[in-house]
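One-letter residues, chain by chain:
There are 2 protein chains.
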Amino acid sequence: MAKSSTKRNGGGEKSSLTPADWEQEALELIAEKGIAALRVEPLARRLGITKGSFYWHFPGRDELLAKALERWERQDRQHLKLSLSAGNAPAERLADFVWRTSRQTLTHRIYVALCATPDHPCIGPVLRRVTQRRVKYLSAALEELGLQGIQARHRANLMYSSYVGYLQLQAQGLVPDKDEPDFDAYVQHVIETLIEV
Amino acid sequence: MAKSSTKRNGGGEKSSLTPADWEQEALELIAEKGIAALRVEPLARRLGITKGSFYWHFPGRDELLAKALERWERQDRQHLKLSLSAGNAPAERLADFVWRTSRQTLTHRIYVALCATPDHPCIGPVLRRVTQRRVKYLSAALEELGLQGIQARHRANLMYSSYVGYLQLQAQGLVPDKDEPDFDAYVQHVIETLIEV
DNA sequence: CAGCTTCCATACGGCAGAGTATGGGTTTAC
DNA sequence: GTAAACCCATACTCTGCCGTATGGAAGCTG
Numbered sequence: 155m156a157k158s159s160t161k162r163n164g165g166g167e168k169s170s171l172t173p174a175d176w177e178q179e180a181l182e183l184i185a186e187k188g189i190a191a192l193r194v195e196p197l198a199r200r201l202g203i204t205k206g207s208f209y210w211h212f213p214g215r216d217e218l219l220a221k222a223l224e225r226w227e228r229q230d231r232q233h234l235k236l237s238l239s240a241g242n243a244p245a246e247r248l249a250d251f252v253w254r255t256s257r258q259t260l261t262h263r264i265y266v267a268l269c270a271t272p273d274h275p276c277i278g279p280v281l282r283r284v285t286q287r288r289v290k291y292l293s294a295a296l297e298e299l300g301l302q303g304i305q306a307r308h309r310a311n312l313m314y315s316s317y318v319g320y321l322q323l324q325a326q327g328l329v330p331d332k333d334e335p336d337f338d339a340y341v342q343h344v345i346e347t348l349i350e351v
Numbered sequence: 155m156a157k158s159s160t161k162r163n164g165g166g167e168k169s170s171l172t173p174a175d176w177e178q179e180a181l182e183l184i185a186e187k188g189i190a191a192l193r194v195e196p197l198a199r200r201l202g203i204t205k206g207s208f209y210w211h212f213p214g215r216d217e218l219l220a221k222a223l224e225r226w227e228r229q230d231r232q233h234l235k236l237s238l239s240a241g242n243a244p245a246e247r248l249a250d251f252v253w254r255t256s257r258q259t260l261t262h263r264i265y266v267a268l269c270a271t272p273d274h275p276c277i278g279p280v281l282r283r284v285t286q287r288r289v290k291y292l293s294a295a296l297e298e299l300g301l302q303g304i305q306a307r308h309r310a311n312l313m314y315s316s317y318v319g320y321l322q323l324q325a326q327g328l329v330p331d332k333d334e335p336d337f338d339a340y341v342q343h344v345i346e347t348l349i350e351v
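These protein sequence lines map, in sequence, to chains L and V.
Taking this note's numbering, the leading residue of the first sequence gets 155, the next gets one more, and so forth.
Taking this note's numbering, the leading residue of the second sequence gets 155, the next gets one more, and so forth.
The set of hints was computed from the structure by calculation and includes no laboratory data.
Values in this document were obtained by computation on a predicted structure and should not be read as measured data.
It is possible that some hints are incorrect.
Copies of the same chain are indistinguishable here, so a pair counts whether it falls within one copy or spans any two.
[As the list claims (entries may be wrong)] In the BS3-like style, the derived pairs of lysine-lysine whose C-alpha atoms are separated by at most 27 Å in a straight line are:
1. K290 to K205
2. K205 to K332
3. K187 to K221
4. K290 to K332
5. K205 to K235
6. K332 to K235
7. K187 to K332
8. K235 to K290
Generate coordinates for the entire structure from the input sequences, incorporating the hints supplied.
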């Protein structure tokens, strides 16, 4: 029974937690239970550790939240970039956007959680930036499709609104999830209605 | 300077608070800061009173929340009933639904707040009932317009999703509010896109 | 006006989490 | 091998809220 170099980890895990570990776990906690549930002691318990560690890595709760959101925004921007570099035709890119609603579950769940507190000084700015980036992405693709100016912006807002709303209905369990058969039919309907080619 | 019969109220207000007063104030608090902000002592302070009063009217926080939501659901059902009894043509009713998104601000803000915690045992059931009632309303109107069965349901989901999503974007301040000039143009775009006659 | 009900104030105990202080074990550097 | 830096545990204070207990003031009732 050779005791490993540290006590906590029996397997091949890292011996100590990095700030990134805290941030990632914070994001998952937010995705599960919302920002209000992001509290230091519960988060520490979740990581099988005490808050003594936390306050060594971070000055306080707000700083963790800020760093975590920063990380989330980075990941989201990365996802958008991947969509763009795919280099598909605009119609395909838009359809792809709609489909991706059901993938990247974590990112989306976090987005819903943040939507719940848009007035928070740490959250509002990040949330707005992410939203605007996505809407702008949609708007650009729609312009390529032939919609001009205001029409493209309106349609982008509509598309994005329906995306956000669908996330909410999904959270209520009132609307089919991916996997489920009805989902594909619905997405198809959305594409036909909003991206009439 | 005749002192009125009780000390707290200088004007012609009621001398004592009824449960309904608590419930209504609770709803407004929820609309402003979310369900997490619905706490007994702050709410009492808001009413210029102490919690001694609260615990006389209600057994506890959860019971207030339940009663408040019950009241909210009643009001919302009333709104729907009014829309139906208007007896307009389905197209007008749908357009009316879209337009009403920007009215009844309180009801809508409460809806967003509730969406933030769909898993809460007190909230989930109410939220689902309200959502389903509304979607069913839309679906029925769409069927009258000629869409059949699944198509009507899909379109109703899409319309309602775009409604919910718009509320979120509105909360982020990324989208025009009523009053503002762009709003009418957007609503017009939505109607043309989702209710193509 | 005595007595009862209604409505609220005050004071209390308890809990949960934020931050702080401090010390100890482990690794790294020299 | 020793000293420093790193990482975490423990114990503590402080704040804010929940729920309870109790008493008191105002109103009605006879």
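Compare the structure with the hints numbered earlier in the document and write down the numbers of the violated ones, lowest to highest.
-> Hint check: 1, 2, 5 fail, others pass.
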